[in-house]
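**Student:** Put together the whole structure using the sequences plus the hints.
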Amino acid sequence: MVKVYRSTVLDAPADRVWRDLRDFNGMASWHPSVVLSRIENGQPADKVGCVRNFQLKDGSRVREKLLALSDYDYTCTSAILDNPMDLSHYIATLRLFPVTEGSRCFIEWSAEFDCPPEKVAELGETVGDGVFQTGFDALKKRYGRR
Amino acid sequence: MKVSVIRSAVIDAPIDRVWAVLRDFNSHGRWHPAVASSRMESDLDGDVVGGVRRFSLTDGAELREQLLRHSDREHTFTYCSLDSPLPLFDYVATVRLKPVTDGNQTLWDWRSQFRAPDHRATELENMIGQKIYEAGFSGLRKFLAEKEGLPRPPGPEAATAALPAACGEYLPSKALVVASTGDPEVMTLTDVTISAPGPQQVRIRQTAIAVNYLDLQHRRGTSAGFDLPGTPGVEGVGEIIDVGEQVNGFFTGDRIAYMSRKSGAYAEIRCIDADACIPLPDGVSDIDASTLLKGVTAALLLSRVFKAAPGATILIQAVSGGLGHLLSQWAKSMDLIVIGTVSTTEKAKFGRDRGCDYPLVVAADTSLAAEVMRITHGRGVDYWVHSSGARGLDAALACLSRCGHCAVIGDRDGQPISLDVNVLKQKSLTVSAPVCFDYFDDRPFLHRLVHQLFAKIQSRTIIPAIEAFPLSQASKAHSRIEARQTMGAVVLTPGG
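Chains as they are written, first to last, in the working numbering: chain Y, 5 to 150; chain E, -8 to 487.
Please note that a few of the clues may not be correct.
Calculated lysine-lysine pairs in the DSS-like style (CA-CA distance at most 30 Å, straight line) [what the hints assert, rightly or not]:
(1) E/Lys447 with Y/Lys144
(2) E/Lys(-7) with Y/Lys145
(3) E/Lys340 with Y/Lys69
(4) E/Lys323 with Y/Lys51
Coverage of chain Y stretches by chain E, computed from C-beta distances (three or more under 8 Å per stretch; other residues unrestricted) [as the list claims (entries may be wrong)]:
(5) 7 to 20
(6) 101 to 115
(7) 134 to 148
Which stretches of chain E does chain Y cover? Using the computed rule of at least three CB atoms under 8 Å from a CB of chain Y, they are [said to hold, decoys possible]:
(8) -1 to 8
(9) 88 to 101
No wet-lab data here; the hints were simulated from the structure. Ideal Cβ positions, reconstructed from N, Cα and C, are used throughout, including at glycine.
**Tutor:** This is how it looks when you write it as C-alpha cells:
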C-alpha cells in the first residue's frame, strides 16, 4: 500500500474554496492537467456514487467514483475506476480546514493505492507532485495573495 | 447553552519542532503567556494519558485539567477541565497539528466544546478563543523564535525598518513622459525630481499603478484633459512618504490607494491630493487595491445605475477585461444571471471561471441577438453594459427586455453615437452614459462602494485577476491591451 500526502495553505476562507472544490465535475476549471470533465449518466455532481469521466492534457481518460462528500467537514473522497497508469485500489481524500487566523484555509490531499513494487517511487511522485502539488499551485494562483 | 470555540493558525516551523514542544502536556508554563506555572500531579510525565496538570494563571487563578487522549501518530491530544474558576461545564478541548508539506510549516488547530450560562456564552467564547488559543499561538511562535533561533514573526520593529528613510525636500524618481501623442512607444522613462507635498497633499512611493483605458486615449490624444508633456495614469497604490502641513488623518507609512481626474500616476514617486486618498485595510494587498477604480465602477453600475435585483439578467461586453471580470464576479455574488461577450475561447474559459454563466465568443458572423434570446427564453436581458461605442448599440437595444437598461461606458472609438428615442419607446428602454467620476464627487457614496469592494476582496468573493508589468514596460502593456491580448486588469509595478 502506497500512501501519498500533500498539503498547503490558500489565501481564501474555507467556505469560498469549498464552493469551487465541492463540485465533483469542476476539476477542469481549476486543475491544469484536466481538460474536460463530465458526470456519467447525467447524474448531479454531488450525488454520492456518481462517476466523473475526465480527459487529461495528454489525451488519456480517467474515471473516478464519488465515495463521500461532506459540506459539514469540507471533505471529498473518491476512488479511481479506470486509469491509464498501473494504479489499483486508489482512494483519495481532499479536505479543507479553516485557518481562523487571517481567514485562510489549509488544504490536504491524501491517497492510498497499490502498484507494482518497481513503480512505487515513480507513481508516488506522479500523484504527489504531478496531481496534488500541481493542483495546489493552480489554486494558490487562483485565490491570489493578500 | 452549548458553546464551541475553534481557532487555528499556521506556524512557520516544521511539524516535528512544534510537536516536540506541544506534546508535553506540562509545557504551557514555558510558552503560554497566560500561564505562570504548570506542574503535573503525582509527578507524572506530560505524556501520561490520565495525568492531571495544575495551572497557576498570571491573574492568580488556579485550574486543573486532565489528559484524555494523546497520539504521536496523529499529532493530537485531548483534555478536559476538572476545576476552573470560570463557569465552564464539560469543557473538552483538542489540539491537533497537521503538516503543511508545501513550505514545511505546521497547521495548529485548537478547538473545544463546553456548556456555559446563556448570558456569558459569547464572553467566554471570545475569552477562550483570544486569551487562551490565539495568545497561545503567539506565545509558541515567540518561544520557538527565542529558544530555537527561528525567524521572529514580523513585529512593529520590522515595519518601521521597512519605511523609506529618505524624507527630503526633493526626491529622485522616474516617470513615463509623453512629449507628443501617438503609439505606445511615445512614453519614455525619464528621470525626474519630486518636490515636497503641497499643504493639502501627500507624497507617496507607489507600489502598483493601474492601467485604465483612459490612459491609452490620453497617450493617443483622442481624449481631452491631458496636457503635453504629461504623464498618464489616474490611479495608483503606495505608501506615504510625507504629508503636507494641512493634511489630517494620513501619516507617514500609511498604505493608500487613490484615483484622480488629474493624470500623473505612471511614476515611482508622486504627490497627490489627500482628498483623493483612501486608506487600505489589512487583508487587501497593494496589487489587488490597484483595481479600485474598476471595482467601484462595477459597484456603481449595479447599485446606482441599474439598481440591479437578484435573478435579473445582465450582459457584460468584454467580460474578461479589467472591468468585466470584476463586474461579473460582483453580479454573481448578487445572484444575477451573467452573460458575457469575449473574442476567444480562452477568454471564455477565463470569464466562466469568474462568475460568467454564459460567455459568448463573438465572431463577425455571430448573431448575438439569437444567442441572447435563446439563453433568456426570448425575454431579452435586463441590463446591458456596453463598451463598444456606436458599434453594436442597435443590437444591444434589440437584446434588451421590456424596461431594460443599457449603460454606455467608456469611449472606445471616439465616434459620435446617435440614438433614436422612438426606438426606446417601443420597449420602455433606458440608455444611460455614466461617467464614474461624476458620481464619485459624492464622497460618502464612494466610500460606501469602496468599503463593499474591500470586503468582497477580503472574503475572496471577488478575486481580481492581474497581469503585472514593470513600470519601464508600460509601452508593452499598452500594446498588449490594444491587441486585445490581456485578460483581467493590467497593472504597472515600479521597481518590479
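**Student:** Hints first: check each against the structure and report whether it holds.
**Tutor:** Cross-check of the supplied hints:
1. E/Lys447 with Y/Lys144: This hinted pair holds, its Cα atoms lying about 18 Å apart.
2. E/Lys(-7) with Y/Lys145: It is violated: about 39 Å lies between the C-alpha atoms, which goes past 30 Å.
3. E/Lys340 with Y/Lys69: Distance of about 26 Å is within 30 Å: holds.
4. E/Lys323 with Y/Lys51: holds (24 Å)
5. 7 to 20: holds (count 9)
6. 101 to 115: holds (count 10)
7. 134 to 148: holds (count 5)
8. -1 to 8: holds (count 3)
9. 88 to 101: Since 9 is at least three, the answer is holds.
Of the numbered hints given earlier, the model fails hint 2 alone.
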